[in-house]
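Asker: Take a look at the letters that make up each chain.
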Amino acid sequence: SAVISQKPSRDICQRGTSLTIQCQVDSQVTMMFWYRQQPGQSLTLIATANQGSEATYESGFVIDKFPISRPNLTFSTLTVSNMSPEDSSIYLCSVAPTGYSYEQYFGPGTRLTVT
Amino acid sequence: QQQVKQSPQSLIVQKGGIPIINCAYENTAFDYFPWYQQFPGKGPALLIAIRPDVSEKKEGRFTISFNKSAKQFSLHIMDSQPGDSATYFCAASTIGSGGYNKLIFGAGTRLAVHP
Chain A
759 SAVISQKPSR DICQRGTSLT IQCQVDSQVT MMFWYRQQPG QSLTLIATAN QGSEATYESG
819 FVIDKFPISR PNLTFSTLTV SNMSPEDSSI YLCSVAPTGY SYEQYFGPGT RLTVT
Chain B
2 QQQVKQSPQS LIVQKGGIPI INCAYENTAF DYFPWYQQFP GKGPALLIAI RPDVSEKKEG
62 RFTISFNKSA KQFSLHIMDS QPGDSATYFC AASTIGSGGY NKLIFGAGTR LAVHP
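Protein sequence lines correspond, in order, to chains A and B. Here my numbering = 1-based position in the first sequence + 758. Here my numbering = 1-based position in the second sequence + 1.
In isolation and in its complexed conformation, chain A is listed as follows (with noise of 0.2 Å):
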């Protein structure tokens, strides 16, 4: 298993600003997440953070929007730049610490909302 910590846990932010969130493992992993969450909605996935490689982005993502930082392997950041209203979510990073993206811990989620 692995404890997973987020920071900041909520945040309240100005359109066109940006916000960095960070995300601590309690223990070594390769396979990181970064996942954003509607309230009351589903997960979708925002990029894959596998320490020693470049981040891979889903369809709809891209880096210049939500660049994301892998410096160890057991820390990532993900940034929300330029942010809009329509930015407004939950962030969530998880680790998949056997190597099985089956079996991923979830960080608590940082909460964000933009206006």
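No lab work stands behind these hints, which were simulated from the structure alone. Even glycine gets a Cβ: it sits at the ideal position worked out from N, Cα and C. Hints are not guaranteed to be accurate.
Residues on chain A that point at chain B, a partial pick, calculated with CB under 10 Å [to be verified]:
{"hint": "1", "residue": "F791"}
{"hint": "2", "residue": "G810"}
{"hint": "3", "residue": "T814"}
{"hint": "4", "residue": "T837"}
{"hint": "5", "residue": "P866"}
Let chain A serve as the given structure and place chain B on it in line with the hints.
Answerer: Chain B in isolation, oriented as in the chain A frame:
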């Protein structure tokens, strides 16, 4: 088709009842089918998972039934308790465009177990 269709959207049962949540898929390349449980304000947590060559798997009060020919699988919760009230997501594991494994999530089912 990279989709997992989940039903019903919401479900209400009495304590002790057996809620059943159903999912269907098209992509035969999916290789694992997990179920996640999410409580309000928390990240999803892995509940149970099954491979497509297994027809049933039980873990405690939770059972997955898998019908490979019909491309359907379902979650049964035996002797449901008010503490089981949560949102349940089915998912499927596959290889993404970047060559990495990833999860495709269903839309979610909000379960309420009344005392």
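Asker: Against this structure, judge whether each hint is valid.
Answerer: Comparing the hints with the structure gives:
The criterion of a C-beta within 10 Å of any C-beta in chain B is met by F791 (chain A), whose closest approach is roughly 7 Å, and the hint holds. For G810 (chain A), the suggested interface contact is broken, since its CB lies about 12 Å from the closest CB of chain B, more than 10 Å. At its closest, the beta carbon of T814 (chain A) sits 3 Å from a beta carbon of chain B; the interface hint therefore holds under the 10 Å criterion. Taken as an interface hint, T837 (chain A) does not check out: its beta carbon lies about 20 Å from the nearest beta carbon of chain B, beyond 10 Å.
Among the interface hints, the one on P866 (chain A) holds; its C-beta lies about 5 Å from the nearest C-beta in chain B, closer than the 10 Å criterion.
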